[in-house]
Structures are given as C-alpha cells and as structure tokens.
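Colleague: Chains as they are written, first to last, in my numbering: chain A, 1 to 265; chain B, 1 to 109.
Calculated directly from the structure, the hints in this document are not laboratory data. From a predicted model like this one, the values you see are computed outputs, not experimental measurements. Hints are supplied without guarantee of correctness; some may be wrong.
What the hints assert, rightly or not - Covered stretches of chain B (chain A as the covering partner; in silico rule of three or more C-beta atoms under 8 Å from a C-beta of chain A): (1) 47-54; (2) 66-72; (3) 75-84.
What the hints assert, rightly or not - As a list, the in silico DSSO-like pairs of lysine-lysine whose alpha-carbon atoms are at most 27 Å apart: (4) B:Lys106 / B:Lys83; (5) A:Lys98 / B:Lys83; (6) B:Lys83 / B:Lys70; (7) A:Lys202 / A:Lys244; (8) A:Lys43 / B:Lys106.
Just so it is clear, CB atoms sit at the ideal spot from N, CA and C, and this is done for glycine as well.
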Amino acid sequence: MTPAAAVVLAFAAGQSWGPSPMLLESAEPHVYGRVVLDNFSTKAGMAPVPFEHARHRLLYTCRVCHVDVGFVMEAGATEISAETNRRGLHCGACHDGKRRHGDGTIFAACSDPGARPAPPACARCHRRDTDAELRERFERFARTAPVDRTGFVDWEALEARTRPADFLEGVTAHADRLRNDRSFSIPAFGTWLGEVTFSHPKHARWSGCEGCHPEVFPVTARGAVTFRMPDFVAGRYCGACHNKVAFPLAACLRCHANAIGALPR
Amino acid sequence: MRATSRSAAAVALALSALLGDAAPGTVRVLAAARAEAGWRAEFDEVCGRTQDAMAMTDPELRDLVQRCDKLMPLVEQLPGPEKNVYARRLRKCRDLYQFVLDGRAKESG
C-alpha cells in the first residue's frame with residue numbers, strides 16, 4: 001500500500017458489513033484501470049500490452065467495447081490475439097488503419113505480426129513503461145481533467161467535455177438511448193452514511209442494459225439481495241467496475257451522497 | 001465485417017450474372033454471402049433492441065428470445081474468433097430479454 005493510493009477503513013456496523021475494519025484499497029491514480037494483456041505476447045517474444053482504460057474511455061463508452069466489441073471483463077477470457085485483431089475483432093475493431101476518429105485515422109493493430117525484429121509500430125501497444133513514465137503521463141493528463149477529492153479522474157464530469165461515442169459503425173447493433181429512467185434508493189447499513197441513490201440513466205449511458213444484466217446483477221427484485229461492501233471489494237455487483245476502472249470504493253460520498261456523519265466531503 | 005459481407009455478396013452477384021448459375025463455386029460463394037448477410041441483419045435487429053427491453057410487452061420479449069435461440073446455431077457456424085465474439089454478444093441480448101421476463105414473472109407471482 002502506498003500513501004497515494006485511495007484507502008479508507010470502513011468500520012463494521014453490525015454483522016451486515018462482515019469483518020471489521022475493512023480496507024477499501026485501490027490502485028494509485030496513475031495506474032488505475034490499467035490492465036496488462038499477455039495471453040500470447042510474451043510467448044511470442046513481444047512485450048505485453050498494457051491497456052489503459054483512461055485513454056480509451058475518453059473516446060468511447062464502456063458498452064461499445066464490453067458489449068459491442070466483446071471484451072469480456074475477466075482476465076484472459078477474451079482471447080485477444082494478433083490474428084483476431086487483423087480480422088477486425090477486439091482491438092482491430094477500431095485499430096484497423098482505416099477508421100477515423102476526429103481528424104485522424106486510428107492506427108492498425110498487429111498489421112505485420114510475422115516480422116522479426118518487430119517493427120517500431122508494434123511498440124505503440126507492446127511496451128514496458130516505467131512507473132515514473134506512467135506517473136508523468138497521468139500527471140500531464142490530470143492537469144486538464146477534472147479530478148475528485150481522492151485524486152482520481154472524475155469521469156462523470158469529464159464526459160460532459162469529451163462526449164464519448166456510444167456507437168461504432170459496422171459493429172454496434174443499435175444507437176438507441178435507454179428508455180428505463182428509473183432511479184432508486186438503496187438503504188445504507190452504516191449509521192454515518194446516507195442511502196445510495198442508484199441512477200439507471202447514468203449507468204446505462206455508459207454500460208447499456210446488457211452490460212450489467214443479468215451477468216453482474218442477476219437479481220433486481222427489491223430486497224432480494226443485500227449489497228455488502230465486502231462483496232464489492234471481491235469484485236461482485238458494483239465492484240465489477242468500481243475499484244477497477246470506475247471510481248474507487250474509497251470515494252464513499254460519490255455513492256453515499258447524503259452523509260449523515262462527519263466524513264469530509 | 002458487415003461491409004466485407006456486402007462486398008462479398010456484390011462480387012458473388014456480379015460473378016453469378018457473368019457466369020450464370022451453372023458455376024458451382026459461384027453459387028456456393030453467393031449462398032455463403034447471403035447467409036452471412038442474413039445472420040448479421042437478424043443479429044442487428046434482435047440485439048438492436050436491448051435498450052427498449054423494459055418498455056416491451058411480454059410477447060415481444062418472448063419473440064426476441066425465440067429469435068435469438070433460432071439465430072444461435074447460425075452464429076455458431078462462424079469461424080472461431082467471430083463465433084466467440086458474436087455468440088457471446090447474442091447470448092448477452094438473449095439473457096437480457098429473458099431476465100426482464102423472469103423479473104416480471106417474479107413480481108407478479
């Protein structure tokens with residue numbers, strides 16, 4: 001654990017919270033949401049691919065990649081390879097050397113996989129950045145991005161500026177907006193935190209309905225599931241995204257917006 | 001991929017017009033292109049309505065579930081990586097429609 005990591009000790013309030021105290025720890029902001037893809041790279045003598053969610057979610061919603069392109073939210077399960085990229089799947093759905101974004105053309109992924117030594121273009125994705133380089137890159141980015149009190153990028157605020165696309169021509173099956181605009185409250189067990197107001201419109205704009213249901217949230221009947229923080233820490237329910245890519249669990253007041261006690265805002 | 005299948009269909013149609021239906025290879029290419037264009041159009045249609053799932057009636061949802069089930073064998077005939085991607089996507093659509101149906105049944109039951 002490093003000093004810059006978002007850490008909160010959540011204390012138990014009765015049995016519902018599980019072991020007490022509970023540590024809500026996440027990666028530091030400069031490596032938050034960074035996933036290293038290495039199903040085949042190292043075996044093929046290449047550096048692995050560190051995928052930075054931050055760089056991509058500036059451009060596209062979660063749904064475009066995790067529903068339409070088909071990236072599974074489980075390490076290794078997508079089976080991304082140079083071949084699938086060349087076939088226009090996975091990274092190659094956008095990185096095909098033809099697709100335009102803004103004024104530019106998105107570079108092609110794995111266009112010459114047999115070449116040895118690997119062409120310089122491969123190093124755009126297959127790279128080994130040092131921690132100092134990552135930190136410097138994040139700090140440069142964070143200078144212009146809205147950052148919340150925990151030091152993490154406030155994507156909700158940033159979305160208003162960047163307007164990430166939720167449609168990919170030739171890949172996305174639809175462009176309709178969600179019609180379910182129901183939000184609802186989830187009572188909190190802790191006495192110092194207010195209830196959580198869950199917004200369907202906010203979440204569906206990013207993830208789509210099928211991004212969450214039924215895989216992440218298999219039951220939605222009111223009261224059928226007791227949502228517990230240890231489950232989130234273990235990556236279930238809200239923890240499928242929060243604490244990995246969406247804002248960390250330690251940012252209590254982003255969800256428990258109406259604090260009853262004395263936690264600083 | 002959709003653009004590719006359209007191009008394949010166009011080439012196959014052109015060849016078919018030039019050579020006539022007696023050319024067996026052309027017929028096969030044409031059939032494959034039509035089949036691909038067919039599954040993709042149906043895929044876009046059934047998976048293009050997920051955002052409306054909550055506003056649909058039960059019969060509409062049941063119809064979509066059936067169409068997903070009918071489409072799955074075609075998607076499973078695609079080459080390996082395409083099959084993995086599109087079968088997973090189709091399953092997500094199907095499961096969402098079924099999820100909404102199940103949720104309503106529980107609420108009313």
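Colleague: Can you confirm whether the C-alpha distance between Lys43 of chain A and Lys106 of chain B stays at or below 27 Å?
Modeller: Answer violated: Lys43 of chain A to Lys106 of chain B is near 49 Å, above 27 Å.
Colleague: Does Lys83 of chain B sit within 27 Å of Lys98 of chain A, going by the straight-line distance between their CA atoms?
Modeller: holds, 24 Å
Colleague: Check whether the Cα positions of Lys83 of chain B and Lys70 of chain B lie no farther apart than 27 Å.
Modeller: holds, 15 Å
Colleague: Check the hint pairing Lys202 of chain A with Lys244 of chain A against an upper bound of 27 Å on the C-alpha distance.
Modeller: Roughly 18 Å between the alpha carbons, so the hint for Lys202 of chain A and Lys244 of chain A holds.
Colleague: The stretch 75-84 of chain B covered by chain A? Criterion: 3 or more residues, Cβ-Cβ distance below 8 Å.
Modeller: holds (count 3)
Colleague: Next pair to validate is Lys106 of chain B with Lys83 of chain B; report whether the Cα-Cα distance is within 27 Å.
Modeller: violated, 33 Å
Colleague: Between the stretch 47-54 of chain B and chain A, are there enough contacts, at least three residues with CB-CB distance under 8 Å, for the coverage claim to hold?
Modeller: holds (count 8)
Colleague: Holds or violated: the stretch 66-72 of chain B covered by chain A, criterion of 3 or more residues with Cβ-Cβ distance under 8 Å?
Modeller: violated (count 0)
Violation of the numbered hints given earlier is confined to hints 2, 4 and 8; the remaining hints are satisfied by the structure.
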